[in-house]
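Which chain is which? The protein sequence lines are U and F, in order.
Under my numbering, the first sequence has 84 at position 84, and the numbering climbs by one with no breaks.
Under my numbering, the second sequence has 361 at position 51, and the numbering climbs by one with no breaks.
The hints are simulated quantities; they were obtained by calculation from the structure and are not laboratory data.
Cβ coordinates follow ideal geometry from the N, Cα and C atoms, glycine included.
Hints are supplied without guarantee of correctness; some may be wrong.
As the list claims (entries may be wrong) - Which bits of chain U does chain F cover? Going by a derived footprint, with three or more residues having C-beta under 8 angstroms, they are: (1) 14-28; (2) 135-147; (3) 227-239; (4) 292-306.
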Amino acid sequence: MSGRLHILDGGLQTSLQGRPMTGHRHIALPGAGPADPVTLALANWCVGNAWDMAGLEITLSAASFHFDCAATVAICGAAISADIDGTPVDTGRSHRIPAGAALRIHGARTGVRSYLAVAGGFAIAETLGGTSTYLAGGIGGAALRAGDHLALAGAAGPLDRNVPPAYRQVMTDEIGLHCVPGPEHGLLSKTDSDALFGQPFTIANRANRIGCALAGPELRARPGGIASAAVFPGTLQAPPSGPPFLLGIDAQTTGGYPRIAQVVRADRHSMGQLRPGMRLRLLRTDPGKARELLRRKLLLWRALIPDLRL
Amino acid sequence: MSADGPFLNADELAIYVADDWLSAPMPDRPRRLAATQALLGRADWEEVVPGLDSLAVRFDPERTGPDTARLLFARTLASVAVEEDSAVETFDIPVCYAAAFAPDAADVARHLGLAAANLPSWHAAQKWTVDMIGFQPGFAYCRAAADVMPIPRLDQPRQSVPEGSIGLLGGLCGLYPFAGPGGWPLIGRTPAALFDVARNPPSLLRAGVRVRFTAIDRAQFDRLRRR
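Model the full assembly from the supplied sequences, consistent with the hints where possible.
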């Protein structure tokens, strides 16, 4: 028998995110998907799901859900506390929720996003090859609000899985992201390039799935615009005025601002936890070293989640 | 240096390579479009992204290293045959130029040196070709065969541009498939479904196709919109 999860309170922003809608950037569709895919994979691992099965991405504030059937669930990510009908439960492990119970995920003090995985997943149709929500276009769904509900696919049996300590994601207020220079990096002066990779930035107040502005070292020589060209999540743009802007998972596919750096694939999952006020260092690397970094990171993660890809 | 060979030709040298994407300058539109089609047909690339004067691909660095990606890309480019322009499909896009849909028509007409009343016939008479899709899913950047006087961006972008809006910016014409913020001066609105996930392909337009705008009145717009 399958039941439903009802949204009691979606908080700041809650959406279904799973496999991205890959392969459509030539028609300007960003693939969407979890902003922090590693943490969704961990939540899925706790309940025995495939690593990229769609779960709920919960942003910053508290959110609550009602289950009209029993289910096995796990919460991983920024939230460090939750309760089931008022009884505190740990994050980072599986829980059995009785039929009719309410699950409340508390607000995050560090980091931004938490993921709720339900054993067996949700009964949802694929959109353009993915199971994710592109919020700006309402493609694959929309932000979930009080009164919305999702059909559960129907549950696997109870599990008791706890994320091993070595794999627990510790959220901090300071982070380093490896970057390669962007295509227009050469337009920066030596001084500005040194500042870019040498001095810390602070995540400004504007931060969401589209991206975040970086306050910090003033880049003095500002190159002009370029003819609209490809950008990707992790591309750092330098607009003619104002702070550099780091593109997120839902950013548009092309842009006209100089692309001065690119966060490498191995580190992009961490961008999903960038929170206003956090300190960010851009760590310069090159494509060959970035590939090695990815290889090492995946080796570690696959010891727990064998199919994980980044 | 790659194991595949130590020599890079001039094209390859101009390629920018990150750890999982690369981009090459490609100002020639027929070549860019032919290369886009060729690259979309190959399993080497996760994404293919044509820009206004460049072409980028994203690859999986677990499978493909940066040097190999550069060589695979350059080899595909070298084998691309550029199509005759005459083979290109033409799409008729109905546009209602009613004042309610064209808040910036007077300013745009002034920039173009036209009487406001002549803007719709001027717009419909141009031969437009889609240069690229960007900004929003299915948003077409169209370029006219004749040079168009560049139109400046709105000083204050609108918080919400209605779906189907048609704007002019620089020398280009753009079509908004989705409501959202936008800075293009607006001259009309189309009832056509520019992006529909239930359709294959979901985007009505793609880079390289021709666009012919035809004027419709408000009653026709409302009728087509309801469909």
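query = What are the numbers of the hints that this structure violates, sorted from low to high?
reply = none
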